[in-house]
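Q: Chains A and B, in that order, are what the protein sequence lines are. Going by my numbering, 40 is the number at position 40 of the first sequence; the sequence numbering is gapless. Going by my numbering, 462 is the number at position 146 of the second sequence; the sequence numbering is gapless.
These are computed hints drawn from the structure, not numbers from a lab. Nothing here was measured: the structure is a model prediction, and the numbers come from that model. Note that beta-carbon positions come from the ideal geometry of N, C-alpha and C, so glycine has one too. Incorrect hints may appear among the rest.
Okay, the calculated beta carbon distance ranges per label pair [stated by the list, open to error]:
hint	chain 1	residue 1	chain 2	residue 2	range
1	A	Val173	B	Leu696	53 to 61 Å
2	B	Val333	A	Arg314	25 to 33 Å
3	B	Asp742	A	Ser296	52 to 60 Å
4	A	His121	B	Asp728	33 to 41 Å
5	A	His121	B	Leu696	56 to 64 Å
6	B	Ser577	A	Arg314	39 to 47 Å
7	A	Ser296	B	Lys691	50 to 58 Å
8	A	His121	B	Asn390	36 to 44 Å
9	A	Gly159	B	Val706	54 to 62 Å
10	B	Arg419	A	Met131	40 to 48 Å
The calculated BS3-like cross-link candidates involving lysine-lysine, where the alpha carbons are at most 25 Å apart (straight line), are [stated by the list, open to error]:
hint	chain 1	residue 1	chain 2	residue 2
11	A	Lys116	B	Lys621
12	A	Lys202	B	Lys683
13	B	Lys691	A	Lys202
14	A	Lys202	B	Lys619
15	A	Lys264	B	Lys684
16	A	Lys202	B	Lys583
17	A	Lys202	B	Lys644
18	B	Lys677	A	Lys202
19	B	Lys619	A	Lys116
20	B	Lys685	A	Lys202
21	B	Lys490	B	Lys503
22	B	Lys621	A	Lys202
23	B	Lys683	A	Lys264
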Amino acid sequence: MKGVDIFKNLLKRFGSVLGLIILCISFSILSPYFLTARNWSMIFQQVSVLAIIALGELIVILTAGIDLSVGSLLALSMVVMAKAEVEYGVNPFLALLIGILVGLGFGLSNGLLYTKLHLPHPFISTLGMMMIAGGLALVLTKGYPIPGLSPTVRFLGTGQLGPIPMPLVCIIVCYLAFHIFLTQTVLGRKIYAIGGNREAAKLSGINVSRVLILVYCIAGFTFALGGIILAGRVNSAFPLAGKGYELDAIAAVIIGGASFFGGKGSVGGTLIGVLIIGVLRNGLNLLNVSPFAQMSIMGAVIIIAVYVDVLRRRAS
Amino acid sequence: MDLVEMQGISKFFPGVVALNKVNFDLRKSELHALIGENGAGKSTLVKILAGVYKKDKGKIIIEGKEREFAGPQNAYEIGISVVPQELELEPYMNIAENVFLGRDFSRKLLLKDWSRMLAETKSLLKKVGLAVDPAILCEELSVAQQKMVSIAKALSYNPRILVLDEPTAALAQKEIKRFFSILKELKKSGTSIIYISHRIEEIKEIADRATVLRDGKKITTVDVSKTNIQEIVRLMVGRELKDVFPKRERVSAPKEILRVSNLLGDKFKNISFSLQEGEILGVAGLIGAGRSETAKGLFGDIKTKGGEIWLKGKRIRIRSPRDAISHKIGYVPEDREMEGIVPTTNLKENISLAFLDDLSKFGFINKKKENEIVKKVIKLLRIKAPSPEVNITTLSGGNRQKAILARWIAKDCEILILDEPTIGIDVGAKAEIYKIMNELVEKGVGITMISSELPEILGMSDRILTMHEGEITQEIERKDASEERIIEGMVGIK
Numbered sequence: 001m002k003g004v005d006i007f008k009n010l011l012k013r014f015g016s017v018l019g020l021i022i023l024c025i026s027f028s029i030l031s032p033y034f035l036t037a038r039n040w041s042m043i044f045q046q047v048s049v050l051a052i053i054a055l056g057e058l059i060v061i062l063t064a065g066i067d068l069s070v071g072s073l074l075a076l077s078m079v080v081m082a083k084a085e086v087e088y089g090v091n092p093f094l095a096l097l098i099g100i101l102v103g104l105g106f107g108l109s110n111g112l113l114y115t116k117l118h119l120p121h122p123f124i125s126t127l128g129m130m131m132i133a134g135g136l137a138l139v140l141t142k143g144y145p146i147p148g149l150s151p152t153v154r155f156l157g158t159g160q161l162g163p164i165p166m167p168l169v170c171i172i173v174c175y176l177a178f179h180i181f182l183t184q185t186v187l188g189r190k191i192y193a194i195g196g197n198r199e200a201a202k203l204s205g206i207n208v209s210r211v212l213i214l215v216y217c218i219a220g221f222t223f224a225l226g227g228i229i230l231a232g233r234v235n236s237a238f239p240l241a242g243k244g245y246e247l248d249a250i251a252a253v254i255i256g257g258a259s260f261f262g263g264k265g266s267v268g269g270t271l272i273g274v275l276i277i278g279v280l281r282n283g284l285n286l287l288n289v290s291p292f293a294q295m296s297i298m299g300a301v302i303i304i305a306v307y308v309d310v311l312r313r314r315a316s
Numbered sequence: 317m318d319l320v321e322m323q324g325i326s327k328f329f330p331g332v333v334a335l336n337k338v339n340f341d342l343r344k345s346e347l348h349a350l351i352g353e354n355g356a357g358k359s360t361l362v363k364i365l366a367g368v369y370k371k372d373k374g375k376i377i378i379e380g381k382e383r384e385f386a387g388p389q390n391a392y393e394i395g396i397s398v399v400p401q402e403l404e405l406e407p408y409m410n411i412a413e414n415v416f417l418g419r420d421f422s423r424k425l426l427l428k429d430w431s432r433m434l435a436e437t438k439s440l441l442k443k444v445g446l447a448v449d450p451a452i453l454c455e456e457l458s459v460a461q462q463k464m465v466s467i468a469k470a471l472s473y474n475p476r477i478l479v480l481d482e483p484t485a486a487l488a489q490k491e492i493k494r495f496f497s498i499l500k501e502l503k504k505s506g507t508s509i510i511y512i513s514h515r516i517e518e519i520k521e522i523a524d525r526a527t528v529l530r531d532g533k534k535i536t537t538v539d540v541s542k543t544n545i546q547e548i549v550r551l552m553v554g555r556e557l558k559d560v561f562p563k564r565e566r567v568s569a570p571k572e573i574l575r576v577s578n579l580l581g582d583k584f585k586n587i588s589f590s591l592q593e594g595e596i597l598g599v600a601g602l603i604g605a606g607r608s609e610t611a612k613g614l615f616g617d618i619k620t621k622g623g624e625i626w627l628k629g630k631r632i633r634i635r636s637p638r639d640a641i642s643h644k645i646g647y648v649p650e651d652r653e654m655e656g657i658v659p660t661t662n663l664k665e666n667i668s669l670a671f672l673d674d675l676s677k678f679g680f681i682n683k684k685k686e687n688e689i690v691k692k693v694i695k696l697l698r699i700k701a702p703s704p705e706v707n708i709t710t711l712s713g714g715n716r717q718k719a720i721l722a723r724w725i726a727k728d729c730e731i732l733i734l735d736e737p738t739i740g741i742d743v744g745a746k747a748e749i750y751k752i753m754n755e756l757v758e759k760g761v762g763i764t765m766i767s768s769e770l771p772e773i774l775g776m777s778d779r780i781l782t783m784h785e786g787e788i789t790q791e792i793e794r795k796d797a798s799e800e801r802i803i804e805g806m807v808g809i810k
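Please build the complete structure, drawing on both the sequences and the hints.
A: Take a look at the structure:
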């Protein structure tokens, strides 16, 4: 077998995992700091928010939908939570709950707008919601950040469980939970079926609207959780915190092998997608590549990753 | 001399023979109807004539000269103009712009020559009997008016041959009358027309000759004045498929399992019938008779506006497929790919789709039970697959169809609605499906089978309903059933 063929074969088998390994090897050669434990702990902390919200985006994309309100819901949940605690003196646990409820509530609206108003595509309902929630976050804060959160609220972002930082614990718990949810439960199976063929799912007795509404709620929950972790890490809630996260989340899911047309994608793949983005950012930072150039590189990576996936599908 | 002579035309698509040595000829000033069921090859034949498809075999002779078409433009030059079935006007352009879309004539010093365009459009519209301002936007027109604009557009090329694909599908009765008088005018002025339609009554009214296609083959060309509607339908749907129907004894002591009275919907009305345990009720009708819509209405997939459904003597309400399934009614749709299978997943998950909730243990799928049930039905229905884990799209059409049937059998459905259960599958798989249906009715399942294949209806049904324009026209017991009676019902004779 020729070298090219071996490479193609590997690509076919492992796809994005192989991409991640190649990235890691290249960076460890180029920078002595890359493979240190400290650096990896940093990578995981940096990707923690993206990792959590990508799960929400994943289940939406599995149903052949899309959620553009990621960043805005993240920001709004964090801002409402911080405002409740810092300005109104609400009990920190209650503040956390309020933050989560904001995410859930707006996720529910996304789902209701799409299924009950029969808007043609979730692109539209979530685009609207992105602007509504984004604007609300700015209105509530008048554009200023809210600092000074209590340690309880910050725990998910900065705490430690033994030697493991809490964001990493969140990632592990959420990824395990979502993996089990999507592969072992009835609802998970229905989500895949709706994405694969909505009409067939409906004719098989699946209450498509109800499942979709739940999907957007769960997505909203992950966005709020992402917001809470971020607020903890930076000890502040700011209305523009979510900027750019929607595209990163979609990119991670797609790099991770999910199909835009629904029905295909996995939690494991999404983790790889998230790590590819995280490792790439980290490595480029270590190599002192300017953030402006990083953006272009990231764009190229998305295109290459999806193209490789296209090749894989065509080959099989 | 014939205007067009197509000799021995064959066209192959991957895995399908769309046309098999078809002969077709068109005379000057003639309206020649092209009829056949879906997939018979009508559109393919016309597209070859219009230069959209390249023929794989055969000759096209136009006025005695053999011609090869390189593309649609070429066909226009010879004088063929096609009005497709779907509307393809640009909604945000005005009528004149649509009619002359993409033609150089409309330019004068880079500006459109508006006055000339409008004037010419006006005279074209007059030809098709449309009295509207050519400067209004197409989106403001009714569907029927848009159809007329499409025809005006086709006429603007001064065609010698006009091809109309299901032109009356969107027209109301009154509009059709006027449309026919326009066609007669065109014929008089020397235009030849190829007319594709499912509506046999129309063909009888306006066609001079009709060519019947079936499964890519030409069955015959008839002189319409020397034949009747029944004969044309028989030619369209008749099939030589005698030995595949297994013998079956009717279950004794009929017991009503389902009764429908006066079901009303957009595309059907006054639907009343009953279904017995262990009975196959065949539903015959031409395309557009409202059979699938009725089935979907009954199954809760289409909203109904009235009527009652009784299950074993108890009135039930069905508002969604989910309701229907909870009453142990299953539905196998006609369009297997679009509405039946979930192409992204495997055979097993395709089968278990309808009974996921029954597998739930605190929300989790009981995978052991799932595997057991799936294995059992795969064996029962003799689905040929290397394993339950293979992707459904790797299986043949027949096995995909069995997988959808398996869904309902695993769900223990007592009533099955099968819409064209053997469409697009090979003869061997058809026989298998028939056998499965017989095994089901022996167990007491009641089956309503919609079919466009007369032999299938005759071979499988205990009782036959015929539908025409959304209504049931005849109810025929098996012993009284004949092709002639069913065809009468299909064309609206009560």
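Q: If a hint holds in the structure, say so; if it does not, say that too.
A: Each hint tested on the structure:
1. A:Val173 - B:Leu696: 53 to 61 Å: violated (43 Å)
2. B:Val333 - A:Arg314: 25 to 33 Å: This hint holds: roughly 27 Å between Cβ atoms.
3. B:Asp742 - A:Ser296: 52 to 60 Å: holds (54 Å)
4. A:His121 - B:Asp728: 33 to 41 Å: Because 38 Å falls inside the window, the suggested range holds.
5. A:His121 - B:Leu696: 56 to 64 Å: violated (41 Å)
6. B:Ser577 - A:Arg314: 39 to 47 Å: violated (54 Å)
7. A:Ser296 - B:Lys691: 50 to 58 Å: holds (53 Å)
8. A:His121 - B:Asn390: 36 to 44 Å: holds (40 Å)
9. A:Gly159 - B:Val706: 54 to 62 Å: violated (47 Å)
10. B:Arg419 - A:Met131: 40 to 48 Å: Given about 44 Å between the Cβ atoms, the range holds.
11. A:Lys116 - B:Lys621: The hint holds at about 21 Å.
12. A:Lys202 - B:Lys683: OK: lysine 202 (chain A) and lysine 683 (chain B) at ~22 Å, within 25 Å.
13. B:Lys691 - A:Lys202: holds (24 Å)
14. A:Lys202 - B:Lys619: Roughly 14 Å separates the two Cα atoms, so the pair holds.
15. A:Lys264 - B:Lys684: Distance ~24 Å between lysine 264 (chain A) and lysine 684 (chain B) Cα, so the pair holds.
16. A:Lys202 - B:Lys583: The given pair, whose Cα atoms are some 21 Å apart, holds under the 25 Å limit.
17. A:Lys202 - B:Lys644: holds (15 Å)
18. B:Lys677 - A:Lys202: Holds: lysine 677 (chain B) and lysine 202 (chain A) sit about 22 Å apart, inside 25 Å.
19. B:Lys619 - A:Lys116: holds (16 Å)
20. B:Lys685 - A:Lys202: Roughly 23 Å separates the two Cα atoms, so the pair holds.
21. B:Lys490 - B:Lys503: holds (21 Å)
22. B:Lys621 - A:Lys202: Given that 25 Å is the threshold and the Cα spacing comes to 20 Å, the pair holds.
23. B:Lys683 - A:Lys264: Status holds; Cα separation ~20 Å.
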